[in-house]
Amino acid sequence: MARMKFLCDADRCIECNACVTACKNENEVPWGINRRRVVTINDGKPGERSVSMACMHCTDAPCAAVCPVTCIYPSDDGIVLHDKDICIGCGYCFYACPFGAPQYPRVGNFGSRGKMDKCTYCAGGGGTEAPGSAAEFAKYGSNRFGEGKLPMCAEMCSTKSLLAGDGDIIAQIYRERVAKRGYGSGAWGWVTAYKEDIEV
Amino acid sequence: MTLVARARLVIVTVALLSMVAAVSARAETFGPDGAPNPTASVVDQGTLLKQVPRIEGRIDIPDTKASVLVQPAGRTWDYFHEVLLHWGGAIVILGTIALLGLAYLIMGRIRIAEGRSGRKILRFKAFERFSHWLTAVSFVILGLTGLNITFGKIVLLPLIGPEAFSDVSQAAKYVHNFISFAFVAGLILIAIIFFRDNLLEKVDIDWLKQGGGFIKSRHAPAGRFNFGEKLVYWLSLAAGLAVSVSGFLLLFPFFGTDIAQMQLAQVVHAVVAVLFVALILGHIYIGTLGIEGAFEAMGTGEVDLNWAKEHHDLWLAQQLANQDRQRQPSATPAE
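First to last, the sequence lines map onto chains A and B. Oh and the first sequence: position 128 is 128 in the numbering used here, straight run, nothing missing. Oh and the second sequence: position 68 is 68 in the numbering used here, straight run, nothing missing.
These are calculated hints, taken from the structure and not from any lab test. Just to be clear, a hint being listed does not mean it is correct.
To be verified - In silico lysine-lysine, DSSO-like type, Cα no more than 30 Å apart, as pairs:
no., chain 1, residue 1, chain 2, residue 2
1, A, K195, B, K153
2, B, K65, A, K24
3, B, K120, B, K309
4, B, K153, A, K139
5, A, K180, A, K195
6, A, K24, A, K115
Full structure from sequences and hints, please.
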């Protein structure tokens with residue numbers, strides 16, 4: 001069974017934010033919610049790098065561990081899904097997430113949060129809705145994965161900086177790139193997310 | 001221009017130039033041919049994570065907390081929440097219940113030594129009882145709904161299933177958020193109205209030396225509140241302040257706090273709340289089962305004279321003296 005991962009080759013990212021737009025469009029993500037974002041390190045200085053970041057679909061996902069109602073779980077492909085019917089919007093997954101992935105629509109009083117929303121790897125929802133159904137799309141967004149396609153953000157990345165797919169394959173692609181061009185700033189977030197780094 | 005001024009100018013110029021040189025040397029690396037090498041200046045994430053607790057950068061969206069790219073502390077917080085808090089909380093709370101059960105088995109209910117006199121004296125006024133019960137009821141609700149967030153998935157979820165548990169927890173979340181205001185109001189009232197009688201006095205040392213009333217042969221002297229009650233007052237005030245401040249930070253997430261401070265607020269809230277629950281379990285035991293005649297003080301407000309003599313002799317003497325003074329017809333004429 002394949003283990004799905006994300007890898008952002010920061011030496012290729014040109015901070016065009018097209019992945020962010022593609023994600024928003026594909027999944028019809030509401031205003032104020034960003035499943036994916038681009039963070040620029042050392043902005044304006046020599047060695048500036050941009051990294052596109054969303055849910056990394058961690059190994060032993062900390063969000064799933066801390067969830068008080070256990071609505072988050074990994075699929076067979078290692079994609080971390082959640083069930084919005086069960087979620088109570090407590091915000092704990094955001095404290096546990098190393099990548100700031102969980103998003104909450106603001107509802108009601110104080111800073112209280114609605115049901116959590118995050119990157120689903122374009123694999124639909126973790127609830128009871130039928131895969132590919134309109135009900136699933138309304139709640140979680142696109143289910144490209146069910147059609148055998150990879151996430152929209154990575155698929156349309158213009159510089160092929162953002163890679164999605166089986167962890168071993170994208171790690172190999174990255175290794176070859178680093179070997180060929182002679183440099184690489186590392187697989188951002190991999191040690192934290194997957195407890196392994198890509199040796200180059 | 002004087003010599004001193006000229007020298008100063010030279011020194012400042014040299015200093016500025018060397019600063020510029022130092023900064024660019026640190027920030028930019030050059031290739032073997034002397035040309036700037038942009039790729040060599042790149043910080044790789046491994047090195048960066050060793051230098052800073054979390055990697056932050058610039059983002060294009062207004063959500064400022066999204067500027068944190070990687071925060072490995074999330075996994076640490078996960079460990080705290082799922083391992084330390086579960087085990088620590090269970091040990092502290094179940095341990096307290098076990099200790100209280102043991103105390104009951106060994107000492108039993110401590111009876112009023114001389115039996116009831118049948119005469120009553122007012123110990124807590126209606127407003128004092130209202131303040132106490134406002135705090136007490138909201139504390140129990142906050143405690144149960146709070147424990148549900150931590151232990152519900154272990155205890156309650158297997159019993160009622162995920163859908164029902166989600167509904168219960170959703171309601172519990174809102175109840176916890178709203179009842180917090182009642183608790184803080186009650187806490188402030190208690191802090192004010194019982195403040196004077198909870199200041200430590202010399203008699204508290206005697207009370208401790210006499211075994212705090214738990215040794216039958218010895219009488220432990222006390223004013224309106226004995227040292228044990230004063231301890232409950234001050235510890236409750238401290239714990240209440242800690243859970244209130246951390247609680248309001250959690251109620252308004254990321255309002256002037258960052259991710260590390262939010263995690264810290266949750267840790268403080270959880271740890272103090274668990275200890276607070278243990279303290280109040282002890283308080284409830286002594287006030288109900290543990291000591292005969294104690295509950296009436298907060299129930300009807302009136303206690304038996306013999307109970308007061310045994311537990312709060314100095315206070316009783318003062319109250320009786322006051323009553324005598326009021327009864328003297330010459331003291332204050334009727335209005």
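Evaluation of the provided hints:
1. The straight-line distance between the Cα atoms of K195 (chain A) and K153 (chain B) is roughly 27 Å, inside the 30 Å bound, and the hint therefore holds.
2. Taken as a hint, the K65 (chain B) and K24 (chain A) pair is honoured in the structure, with Cα atoms around 19 Å apart against an allowance of 30 Å.
3. Of the pairs offered as hints, the one joining K120 (chain B) and K309 (chain B) holds, with about 11 Å between alpha carbons and a cut-off of 30 Å not exceeded.
4. Distance check on the hinted pair: K153 (chain B) and K139 (chain A) sit about 24 Å apart at the alpha-carbon level, within 30 Å; holds.
5. Restraint check: the Cα-Cα separation between K180 (chain A) and K195 (chain A) comes to about 26 Å, which is no more than 30 Å; the hinted pair holds.
6. A threshold of 30 Å between alpha carbons decides the hint, and for K24 (chain A) with K115 (chain A) the separation of about 18 Å falls inside it, so the pair holds.
Comparing the model with each earlier hint shows no violations; every hint is respected.
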